[in-house]
Amino acid sequence: LPSSLVGRQLPRISLAGVDGGIVNSAAWKGKVTYLTFFAQWCGSCKRELPELAKWQTEMKEKGFQVVAIGVDRSASQSKAFAEKYGANYAVATDPDAKSMTEFDISAMPTSFIVDKSGVIRKRIVGFKKEEVPVLKDLLQKLL
Numbered sequence: 001l002p003s004s005l006v007g008r009q010l011p012r013i014s015l016a017g018v019d020g021g022i023v024n025s026a027a028w029k030g031k032v033t034y035l036t037f038f039a040q041w042c043g044s045c046k047r048e049l050p051e052l053a054k055w056q057t058e059m060k061e062k063g064f065q066v067v068a069i070g071v072d073r074s075a076s077q078s079k080a081f082a083e084k085y086g087a088n089y090a091v092a093t094d095p096d097a098k099s100m101t102e103f104d105i106s107a108m109p110t111s112f113i114v115d116k117s118g119v120i121r122k123r124i125v126g127f128k129k130e131e132v133p134v135l136k137d138l139l140q141k142l143l
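Counted from 1, the sequence shown has number 58 at position 58 by my numbering; the numbering is strictly sequential.
Label pairs and their computed distance ranges (CB to CB):
hint: 1; residue 1: VAL6; residue 2: SER44; range: 16 to 26 Å
hint: 2; residue 1: ARG47; residue 2: SER106; range: 16 to 26 Å
hint: 3; residue 1: LYS60; residue 2: SER117; range: 17 to 27 Å
hint: 4; residue 1: GLN140; residue 2: GLN77; range: 28 to 38 Å
hint: 5; residue 1: SER44; residue 2: ARG73; range: 11 to 21 Å
hint: 6; residue 1: LYS46; residue 2: ARG73; range: 12 to 22 Å
hint: 7; residue 1: PRO133; residue 2: SER74; range: 30 to 40 Å
hint: 8; residue 1: GLY20; residue 2: LYS141; range: 30 to 40 Å
With a straight-line Cα cutoff of 20 Å, these simulated DMTMM-like cross-link-like pairs (lysine to aspartate or glutamate) come out:
hint: 9; residue 1: LYS129; residue 2: GLU51
hint: 10; residue 1: LYS128; residue 2: GLU51
hint: 11; residue 1: LYS116; residue 2: GLU61
hint: 12; residue 1: LYS84; residue 2: GLU51
hint: 13; residue 1: LYS136; residue 2: GLU61
hint: 14; residue 1: LYS60; residue 2: ASP19
hint: 15; residue 1: LYS136; residue 2: ASP115
hint: 16; residue 1: LYS46; residue 2: GLU131
hint: 17; residue 1: LYS84; residue 2: ASP19
hint: 18; residue 1: LYS122; residue 2: GLU102
hint: 19; residue 1: LYS29; residue 2: GLU61
hint: 20; residue 1: LYS136; residue 2: GLU51
hint: 21; residue 1: LYS31; residue 2: GLU58
hint: 22; residue 1: LYS122; residue 2: GLU51
hint: 23; residue 1: LYS98; residue 2: ASP72
hint: 24; residue 1: LYS31; residue 2: ASP115
hint: 25; residue 1: LYS79; residue 2: GLU51
hint: 26; residue 1: LYS46; residue 2: GLU83
Hint data in this document are derived by calculation from the structure and do not stem from the laboratory. Owing to the predicted nature of the structure, the values given are computational and were not obtained by experimental measurement. Even for Gly, the Cβ is constructed at its ideal location relative to N, Cα and C.
The whole structure should be built from the sequences, with the hints applied where relevant.
Right, dumping it as structure tokens:
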């Protein structure tokens, strides 16, 4: 079941970041994380990434972070796409798309809200502007 991850610990993530570092979920404890998986061919991702950049700016001081994982076959494509849409948050690449299996992802974007203790609280498939207030409300509660 796709929702089977909700209420469980986030599967471990350790991927190459586009800035040359490593994006590692072990370092996320104590932060509320909005984890999203994107691809450059994904139309909704073009709307989601700029919105997430706003959230990052608005809530970063409160212990919030966005982490975006690009699953394009070429890491440089994912990096260019994230930059084009204003990513001001951690971006990692997974050209083999291994994490998609672990996170049971079949559509883009698929996102997860992870609480401070590393537990997945919500799974979101797609991106709809009208869901933004509800998602932000949940994030505020977790912060």
